[in-house]
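Respectively, the protein sequence lines represent chains A and B. Heads up: the first sequence is residues 1 to 451, going by full-length UniProt numbering. Heads up: the second sequence is residues 1 to 451, going by full-length UniProt numbering.
Hints are computed from structural coordinates only; laboratory data are not their basis. Bear in mind that the values here come from a model prediction, so they are computed numbers and not experimental data. Note that CB positions come from ideal geometry on N, CA and C, so glycine has one too. Please note: incorrect hints may appear among the correct ones.
As the list claims (entries may be wrong) - Just the calculated beta-carbon pair ranges, DEER-fashion:
hint, chain 1, residue 1, chain 2, residue 2, range
1, B, Pro298, A, Glu105, 52 to 60 Å
2, B, Arg336, A, Arg303, 52 to 60 Å
3, B, Gly302, A, Asp57, 48 to 56 Å
4, A, His369, B, Trp270, 42 to 50 Å
5, A, Arg237, B, Glu299, 21 to 29 Å
6, A, Pro234, B, Pro256, 43 to 51 Å
So the chains spell out like this:
Number of protein chains: 2
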Amino acid sequence: MGTKQDRAQQLAALTAREAARRIAEGELTSADLVAACLDVIDAQEEEVQAWAFLDRDKAMLEAKERDRRRQRGLPIGPLHGVPVGVKDIIDVKGMPTGNGTPIDEGRRPFEDATVVRRLRDAGAVILGKTVTTELAYFHPGKTRNPHDPSRTPGGSSSGSAAAVAAGMVPLALGSQTNGSVIRPAAYCGVVGFKPSFGAVPRTGVLTLAPSLDQLGIFSRSIEDAALIESLMGPDDRDDDARENPGPLTATTLAEPPVTPALALVRTPFWERADAAMRDAFGELAPALGDAATEVELPEPFGRGVGWLGGVMAAEMARNLGHYVDRAPDQVSEKLRELVADGRAMRAPDYLAARDMQQVLRDSLVPLFHRFDVIVTPSATGEAPVGLDSTGDPVFCSLWTFCGMPTISLPLMTGPNGMPIGVQLVAPPGQDARLLRTARWLVRTLSQEAGS
Amino acid sequence: MGTKQDRAQQLAALTAREAARRIAEGELTSADLVAACLDVIDAQEEEVQAWAFLDRDKAMLEAKERDRRRQRGLPIGPLHGVPVGVKDIIDVKGMPTGNGTPIDEGRRPFEDATVVRRLRDAGAVILGKTVTTELAYFHPGKTRNPHDPSRTPGGSSSGSAAAVAAGMVPLALGSQTNGSVIRPAAYCGVVGFKPSFGAVPRTGVLTLAPSLDQLGIFSRSIEDAALIESLMGPDDRDDDARENPGPLTATTLAEPPVTPALALVRTPFWERADAAMRDAFGELAPALGDAATEVELPEPFGRGVGWLGGVMAAEMARNLGHYVDRAPDQVSEKLRELVADGRAMRAPDYLAARDMQQVLRDSLVPLFHRFDVIVTPSATGEAPVGLDSTGDPVFCSLWTFCGMPTISLPLMTGPNGMPIGVQLVAPPGQDARLLRTARWLVRTLSQEAGS
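Let's have the full structure, built from the sequences with the hints guiding it.
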């Protein structure tokens, strides 16, 4: 058993790219990979609780179908045979999609979300649904941090981050309306990538706040995060999905033509960073040397979090208010409060906040004439102890509000052995250069550490 | 003098297409045409009061420049040498743009609106600025109806409609947030065409309600209305301007492949139609015979006007509220009330109305599987007597709300000799087919009348 388990862990720990390569070249079957992932889940799930739904038999059947397809010499996609976890607010045909609330228990969509259809087109095996917080807002699900089960995995994409961190699956989809990809990625020590607003269609995904909702991916390498390119591109049923900053992989794998210029931005929220994050940034700045320049954001950016909060409250009141009305005793107090706040908001104040979204985005443009990316905390620090909160998204809010592509890298470790995430942010559309710079940064810091 | 005046009137009465053709072929100079228009203005302006600003010398200089360009054999555009009036909420470099309020008196934009730049690129001569109601809302400007100066020309594009009707200029630009192109066109007896939402960029135009604001054109023929194609197409600075339903002219001039199918829609607002409009529609239905079918819109469409009102109030409170705050005694009571209403509106109610905008638009799609266009009143009937109101836009609201292309045709005459407008509506994007059907309708009815 020990040997079987070891082998399962090794297979399941492959990056998605490496797994796809081996499957394509006949060195590995999708069935073996999926079985290995299921073995790791069997071993870990009791502690981690990452999954809202799993259908082991169906996953194995799909994996075998993928293997037959390849054996017959039919064309295969970039994710052929690779298992993927899907956050439980994203519709998968044939699986229940419960949106993290008892109110939607047993809800079974008739149709795949656009991203799920594109995953299948790329050859992926949909392994199951990962735990989300209640309606992808703050009230936690059952998931625990794989690095320390007494700590939160972050939210709202809790299960996706934890499943990738625990070696259960190489890739998982999540969503971010405030900090729901970057924060759990940081807390769980994996790569979390949220592309530019408008890059990944949201058709078939629970709508929280359409001006803010964005999809993202969890992975164990930056190159794997680039695989989200298969999901990008316009969709007739999501008016905001008009952009396609892909393809990503070729640029991601390339060398930067010159040394990237990094803006080290502590943000107006720096005082909320914990000691671990302060130490991490204290080390990071000298390690980056000339490549990094400390930049202070002027005052209006500090107000961005409040504006995002207003837009979120108003739009979530519109889109999720009916849950509160139908079953007030089945929703969390936090959600009830948010809906009440949103319902109290005046329309012109909402519109003013929407205007500021554009103003802040435009105001950041000149910074990116001088710098390739912003380097900033992913979260306030280590994943907090306790499972009754999913932590503070404040270091994500501004970039979500402005629709910037952003990635969290598990670059440092805190005093309790918990991962500390560093966030890189690029201007809208520069997703590929963001990933390229991220790879350069990881390489540079590891050479630094080795020297 | 009589002869000179007669000749000026004849020249100024040319359609824009015919004038452009003669200029292109050297049969007419732009200078003669512009001089003729200025002569008509001299004769009529005291009564009609269509212009907020005119610079006769500058217009003549521009016309002569156009003539020299043609004489040198340089390439010329489809509006080469043709004078155009521009509503005074649209920025024209070198002319004051007063937005119909004393608060903006003497405001001189540094830059042309995108549509003005495109007009110039097409060769047009910007003759001057036409009168708008206060901030393009309901409070009237000085303009009178050319058919009866005791009656309103309609609003808010009052001067543009009146100037074209009075023979002062063959083309004029207007805008419509509720009924500001179609209604004045109907009252003044000219063609008014408002293309699909998103077709004509609004950069450099006063923003009232960005979810509703649309530009349009006044002309004396349907073929001339098609000339707005020169102004269509995406603009980097207007996110909503992403569509281009043009080119229009070739389709407009073509024969319909089959007899068009018309849906005669009296709308849920029919009881607000006056006796003249009821009579006009009483004649129209039999005249159209088999081509037209009476169609009743189900209940939710009746609520569209209320939803448009909510979106308008909230967005105008956001965008024009500062006028009320800065100079409450310099704005009309109607505007003060609107801004107060908008400020009282709750954000989720605003968002619900925005959602209904999409729902209503989608709900109309199946109707256009069976019918080419909707035929419906342009206004409640004849232009009302009195200059203290600009009339009721209710027959325009639904189509504006849904962003449908729509055209008002001066097809009938009321008992007081005033024009009665008939409105044709097509689904978003079908602007060219709308114009083609409009031409067919005019021809069919005139044959009917002659037979």
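Item to check | Status of the given 52 to 60 Å range, CB of A/Arg303 versus CB of B/Arg336 | outcome: 29 Å, violated
Checklist entry - Using the C-beta atoms of B/Pro298 and A/Glu105, is the stated range 52 to 60 Å upheld? => result 35 Å, violated
Item to check | Assessment of proposed distance window 42 to 50 Å (beta carbons of A/His369, B/Trp270) | outcome: With a Cβ separation near 58 Å, A/His369 and B/Trp270 fall outside 42 to 50 Å, so the hint is violated.
Next on the checklist: Taking the Cβ atom of A/Pro234 and the Cβ atom of B/Pro256, is their distance within the range 43 to 51 Å?
Outcome noted: 32 Å, violated
Checklist entry - Does the Cβ pair B/Gly302, A/Asp57 satisfy 48 to 56 Å? => result For B/Gly302 and A/Asp57 the Cβ distance comes to about 53 Å; the hint holds.
Checklist entry - Falls inside 21 to 29 Å, the C-beta gap from A/Arg237 to B/Glu299? => result 26 Å, holds
When held up to the earlier numbered hints, the structure conflicts with 1, 2, 4, 6 and fits the remainder.
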